[in-house]
Amino acid sequence: MTALDLLRLDLPALLAALLACATCGLLGSFLVLRRESLLGDALSHAVLPGIIAGFALTGARAGLPMLAGALVAALAATLLITLVRRAARIESGAATGAVFTTFFAGGLVLMEVSGARSVDLDLDCVLFGQLETLVWLEATGWGSLLDAQALAGLPRQLHLLAGVGLAVALVVAALWRPLKLLCFDPDYAAALGFPARRLELALNMLVAAAAVAAFEAVGSILVVAMLVCPAAAMRLLTDDYRTQVLGGAALGAALGVAGYALAGPLPAAAGMALSLNAAGVIGTLGGLAVALAALLRSRAPGRAATA
Amino acid sequence: MSADGGEAAARAGSPPPLEIRGLTVAYGERPVLWDVTWSAPPGLTGIVGPNGAGKSTLIKAALGLIPALSGTARFFGRSLEEVRNRVGYLPQRASVDWDFPATALDVVCMARYPRMRWWGRVPRAEREAARAALAEVGLADLAERQIGRLSGGQQQRVFLARALAQDADLYLMDEPFAAVDAATEQAIVAVLRRLAAAGRSVVAVHHDLSTVADYFAHVLLLNGRAIAAGPVRDAFTPEAIAAAYGGRLNLLEHASVHAAGRS
Amino acid sequence: MRPAAGHPARAAGRSLPGAGAMTLGYNTLVVLAGCALLGLAAGTVGAFALLRGRALVADAVGHAALPGVVLAAMIVATLGHDPRSLPPLLAGAALAGVLGVLAVQALARTRRIREDAAIAIVLSSFYAVGVALLSYVQTMPGAAQAGLTKFILGQAAAMRAEDALWAGAVATLALALCLLLFQRLRAACFDPDFARVQGMSAARTDLALLGLIVTVTVAGLQAVGLILIVALLVLPAATARLLTYRLPRLLLLSAVVGAASGAAGAAASAAAPDLPTGAAVVLAGAACFTLALLFSPDRGLVPEALRRARRRLAAAEEHFLRAAWEAQEAAGAGPGTAGDRWTPIAALAAARGWAEARAWRLARWLALRGLVALSERQVHLTPRGAAAARRAVRAHRAVEHHLLAIGAADTAGADRLADLVEHGLSPEAASRLLPEPSSLPASPHALGGKP
Numbered sequence: 001m002t003a004l005d006l007l008r009l010d011l012p013a014l015l016a017a018l019l020a021c022a023t024c025g026l027l028g029s030f031l032v033l034r035r036e037s038l039l040g041d042a043l044s045h046a047v048l049p050g051i052i053a054g055f056a057l058t059g060a061r062a063g064l065p066m067l068a069g070a071l072v073a074a075l076a077a078t079l080l081i082t083l084v085r086r087a088a089r090i091e092s093g094a095a096t097g098a099v100f101t102t103f104f105a106g107g108l109v110l111m112e113v114s115g116a117r118s119v120d121l122d123l124d125c126v127l128f129g130q131l132e133t134l135v136w137l138e139a140t141g142w143g144s145l146l147d148a149q150a151l152a153g154l155p156r157q158l159h160l161l162a163g164v165g166l167a168v169a170l171v172v173a174a175l176w177r178p179l180k181l182l183c184f185d186p187d188y189a190a191a192l193g194f195p196a197r198r199l200e201l202a203l204n205m206l207v208a209a210a211a212v213a214a215f216e217a218v219g220s221i222l223v224v225a226m227l228v229c230p231a232a233a234m235r236l237l238t239d240d241y242r243t244q245v246l247g248g249a250a251l252g253a254a255l256g257v258a259g260y261a262l263a264g265p266l267p268a269a270a271g272m273a274l275s276l277n278a279a280g281v282i283g284t285l286g287g288l289a290v291a292l293a294a295l296l297r298s299r300a301p302g303r304a305a306t307a
Numbered sequence: 001m002s003a004d005g006g007e008a009a010a011r012a013g014s015p016p017p018l019e020i021r022g023l024t025v026a027y028g029e030r031p032v033l034w035d036v037t038w039s040a041p042p043g044l045t046g047i048v049g050p051n052g053a054g055k056s057t058l059i060k061a062a063l064g065l066i067p068a069l070s071g072t073a074r075f076f077g078r079s080l081e082e083v084r085n086r087v088g089y090l091p092q093r094a095s096v097d098w099d100f101p102a103t104a105l106d107v108v109c110m111a112r113y114p115r116m117r118w119w120g121r122v123p124r125a126e127r128e129a130a131r132a133a134l135a136e137v138g139l140a141d142l143a144e145r146q147i148g149r150l151s152g153g154q155q156q157r158v159f160l161a162r163a164l165a166q167d168a169d170l171y172l173m174d175e176p177f178a179a180v181d182a183a184t185e186q187a188i189v190a191v192l193r194r195l196a197a198a199g200r201s202v203v204a205v206h207h208d209l210s211t212v213a214d215y216f217a218h219v220l221l222l223n224g225r226a227i228a229a230g231p232v233r234d235a236f237t238p239e240a241i242a243a244a245y246g247g248r249l250n251l252l253e254h255a256s257v258h259a260a261g262r263s
Numbered sequence: 001m002r003p004a005a006g007h008p009a010r011a012a013g014r015s016l017p018g019a020g021a022m023t024l025g026y027n028t029l030v031v032l033a034g035c036a037l038l039g040l041a042a043g044t045v046g047a048f049a050l051l052r053g054r055a056l057v058a059d060a061v062g063h064a065a066l067p068g069v070v071l072a073a074m075i076v077a078t079l080g081h082d083p084r085s086l087p088p089l090l091a092g093a094a095l096a097g098v099l100g101v102l103a104v105q106a107l108a109r110t111r112r113i114r115e116d117a118a119i120a121i122v123l124s125s126f127y128a129v130g131v132a133l134l135s136y137v138q139t140m141p142g143a144a145q146a147g148l149t150k151f152i153l154g155q156a157a158a159m160r161a162e163d164a165l166w167a168g169a170v171a172t173l174a175l176a177l178c179l180l181l182f183q184r185l186r187a188a189c190f191d192p193d194f195a196r197v198q199g200m201s202a203a204r205t206d207l208a209l210l211g212l213i214v215t216v217t218v219a220g221l222q223a224v225g226l227i228l229i230v231a232l233l234v235l236p237a238a239t240a241r242l243l244t245y246r247l248p249r250l251l252l253l254s255a256v257v258g259a260a261s262g263a264a265g266a267a268a269s270a271a272a273p274d275l276p277t278g279a280a281v282v283l284a285g286a287a288c289f290t291l292a293l294l295f296s297p298d299r300g301l302v303p304e305a306l307r308r309a310r311r312r313l314a315a316a317e318e319h320f321l322r323a324a325w326e327a328q329e330a331a332g333a334g335p336g337t338a339g340d341r342w343t344p345i346a347a348l349a350a351a352r353g354w355a356e357a358r359a360w361r362l363a364r365w366l367a368l369r370g371l372v373a374l375s376e377r378q379v380h381l382t383p384r385g386a387a388a389a390r391r392a393v394r395a396h397r398a399v400e401h402h403l404l405a406i407g408a409a410d411t412a413g414a415d416r417l418a419d420l421v422e423h424g425l426s427p428e429a430a431s432r433l434l435p436e437p438s439s440l441p442a443s444p445h446a447l448g449g450k451p
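As you go down the protein sequences, you meet chains H, P and W in turn. For the first sequence, the working numbering gives the first residue as 1, with consecutive numbering after it. For the second sequence, the working numbering gives the first residue as 1, with consecutive numbering after it. For the third sequence, the working numbering gives the first residue as 1, with consecutive numbering after it.
Don't take every hint at face value.
With the C-beta cut set under 8 Å, the calculated list includes, among others, these residues of chain H facing chain W [as the list claims (entries may be wrong)]:
1. Gly40
2. Arg85
3. Ala88
4. Ser114
5. Ala225
6. Val228
7. Cys229
8. Asp240
9. Ser275
10. Gly286
11. Ala294
12. Arg297
13. Ala300
Derived list of chain H stretches under chain W, where covered just means 3 residues or more per stretch with a C-beta under 8 Å from a C-beta of chain W [stated by the list, open to error]:
14. 92-103
15. 144-151
16. 213-223
In short, the hints are calculated from the structure, not lab data. Glycine included, each C-beta is placed from N, C-alpha and C at the ideal position.
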């Protein structure tokens, strides 16, 4: 493995894993704290028809139309879940399940009908994630990292991921206190005059944006893993809000990097002919992280006084 | 019915802390509050009535947390938007997740959020104000404890401290005495009395008829409608209590708001 | 229609375009019947799962099945058998599914992690294990990976009659267990207290229900796919719930919708083999659900909106007629002599606090119904209109007097309150409020314009 290989083949995928997992890990705490973990599941599936429609309408595999379509689909799904829950009077979990499976199924059919599948949008990307297909052929050496022209040749998924990740980080930082209040006590937030409804909507849109950006890199189900697992693990380990939120992002990033490394590069470096789907390994590590955290917590029941 | 509030306001020479007019609230088509018109006088007021009488609904609708079919709530003669920082709120303890990763001090600081930037560190002055509020309810030592590790009574006092930290002129409290131990109850009563002595007003949902006369100067008897209101000695009569808790109003209970949404 | 060993599953179905739909051979018929049976079982189990708030467990079970299926295929292939043989794959899926359910329960027991988060964790991380294993299998020599991906989105068209029989058998088993446990399940769903008194352990019933969910989910893997199988449990049950409150009927409806969805999915898959069967099944179920959501007589959005509009119109009509009547009274015509004079519409609008245009629209509508006569800018109650107006006035005043008598409101409040409730008043309530049938009490307040 040469340095150039590292730069051309591993760096883009590693960056994508890092960005996707850190972004989802950051947002995950809000979902888990608001007891809306399944919303991550729902939104990451529901964006599919929006992505396909955005693609079919513009005929281009460009980031922005797909992002816009996905956000519209996510918004529609959120509204529909609320409507179904109220009108059918079924618990929110079942309403969520009814809506997102329908959206996902619609997306699959749309993919078939619009001919998007196999031409530009690979179904395998959606189902498994294809970190390995991200390559940076413009890289000629370490100097390319400073070369704007070469950087522009980075896979567009990376550009989208970086943009969305930055936006999510900025919004979370700018809305730090209102979001904390919203997670703890939405009614009190409203009573203090904070726009609780709009904050909720903004949060959902951030999750949808993160889901779309991470979609092609890590696949839809692994978006769910990264939205829930790091946050849940931190939930078991800490009683501090800042640690919960930032730790979730950090743990997500760490899982992303470690998972990618374990899937191919590390075994290769050790001379093993093992190559696994990186997204799968990352998700597996996510589950293991939660299990480990649960184990640590049950081993240390006397942590009460340390708070 | 509103004579008492009006009088008190006239005495004070200013509009009443809370004035509700024609408030009708329904969940779906089941009405919970019917055309309630009532003014809270300055001082301590208890809202009393049987389960499902709409006591919490009254407070939440006044604060705009749930939509009303009709009616208005004015605070100090103004709309809530204009005087939000003069109105404090204490929700029911059961309404939040006490496993939340926050310390008692964190929760009390939330009351000061409207005075802070939305990001960055909590300014020292605000933190001190929150600590003072915690000290006032006797929890200074537990400021750094995670809220899930507090007893039920202590949790209620954290909520009370948070309300106090809003430094409001009117406090709307939803069941402040629900499921707390006797010591906490006395501590809360002491805080309420100090508030009243300092010229603040409190409107609290209360469910223990035996302590109404001890804790509150004024009372609103509610059962879907305002049954009686006024100073405790005048309004809290056996007849009014029977009217609020008895079955005489059942006749219309099953009617629904069929003209809801009319202009 | 069978995928040849070693070919990617998706390419396999394309061999004979339209063949399935045209010939309807033995294979297709068996698959169709198997899918219908599967839907029947899923609808039944789903109804109980929905009522117990456990529907989403199927999502965790479905996703958790992937590593089980892949591992089973690997083991079977290593042993030198046909890795496409269904029973070992289903057994692997069932084992993994049970493991998933146990993991959900273990996580939920920490209490820090709620059940919704536990479900999301299990479904995503188990699935991830499956994806990693799948990528490993693909590097293995041999045909172990053949057709494994079809378990993800489902491909009924690629099912052999033998597969359909297996799926049908498992579904029948689930159905039989459901009927056997009917009393227990019903008690657990509707009356947990009664169940406890009867000595039925809720925990054990829940365990049985989870077992049923696992069974039916596993049976549906090949046809519907593990991502969307949850919909086959949720959508029919939710549809039935919109249509009825009674359990036997709910079960029946749910089963029928499930069967129809399953059959529709299989048919669509036979006609268009590229279409993921799971998607077709879900869309068929979603269509049923949407129809029920819109048009269910009791809870549908459209009937509900119509009812509300009709009630609002009736209330406005009554208010208009009463205003016309009271205008007569105010002019000294007195009860019983209504119809003698014409009333300006502007005056009625003022009395109700309505915009004049609204009063005009109502006047035209009532004229159309023959309840008022319309002339220039004035109205006049017809005999039928006068009778209706009298009824409205009676109801209004009955409520007003009742509220005043019990001291629940002052006169202005009673007037406003009565406006709200008088229309919904049942005849019994009205006659109790006003026992004298022919009397028309005087209004407790002055008649005329509203503020």
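Structure-based check of all given hints:
1. Taking 8 Å as the C-beta cut-off, the interface hint given for H:Gly40 holds, the closest approach to chain W being about 6 Å.
2. Taken as an interface hint, H:Arg85 does not check out: its beta carbon lies about 10 Å from the nearest beta carbon of chain W, beyond 8 Å.
3. At a threshold of 8 Å, the smallest CB-CB gap from H:Ala88 to chain W is about 5 Å, leaving the interface hint in force.
4. At a threshold of 8 Å, the smallest CB-CB gap from H:Ser114 to chain W is about 13 Å, leaving the interface hint violated.
5. The interface hint given for H:Ala225 holds, since its Cβ lies 3 Å from the closest Cβ of chain W, which is under the 8 Å cut-off.
6. Annotation: H:Val228 was flagged as interfacial toward chain W, and the flag holds, the nearest CB pair being 4 Å apart, inside 8 Å.
7. Against a cut-off of 8 Å between C-beta atoms, the interface hint on H:Cys229 holds, since the closest Cβ of chain W lies about 6 Å away.
8. The interface hint given for H:Asp240 is broken, as the beta carbon of that residue sits about 14 Å from the closest beta carbon of chain W, more than 8 Å.
9. Annotation: H:Ser275 was flagged as interfacial toward chain W, and the flag holds, the nearest CB pair being 7 Å apart, inside 8 Å.
10. At about 5 Å, the closest approach between the beta carbon of H:Gly286 and any beta carbon in chain W falls short of 8 Å, and the interface hint on this residue holds.
11. Of the supplied interface hints, the one on H:Ala294 holds, with its beta-carbon coming within about 6 Å of a beta-carbon of chain W, less than 8 Å.
12. At a threshold of 8 Å, the smallest CB-CB gap from H:Arg297 to chain W is about 7 Å, leaving the interface hint in force.
13. Because the smallest distance between the Cβ of H:Ala300 and any Cβ of chain W comes to about 13 Å, over 8 Å, the interface hint for this residue is violated.
14. Restraint check on the stretch 92-103 of chain H versus chain W: 8 residues with Cβ-Cβ distances below 8 Å, three needed, restraint holds.
15. Here's how the stretch 144-151 of chain H fares: 0 of its residues keep a CB closer than 8 Å to some CB of chain W, so the rule of at least three is not met and the hint is violated.
16. By the rule of at least three residues with a Cβ nearer than 8 Å to a Cβ of chain W, the coverage given for the stretch 213-223 of chain H holds, with 3 such residues.
Hint compliance for this structure: hints 2, 4, 8, 13 and 15 are not met, and every other hint is.
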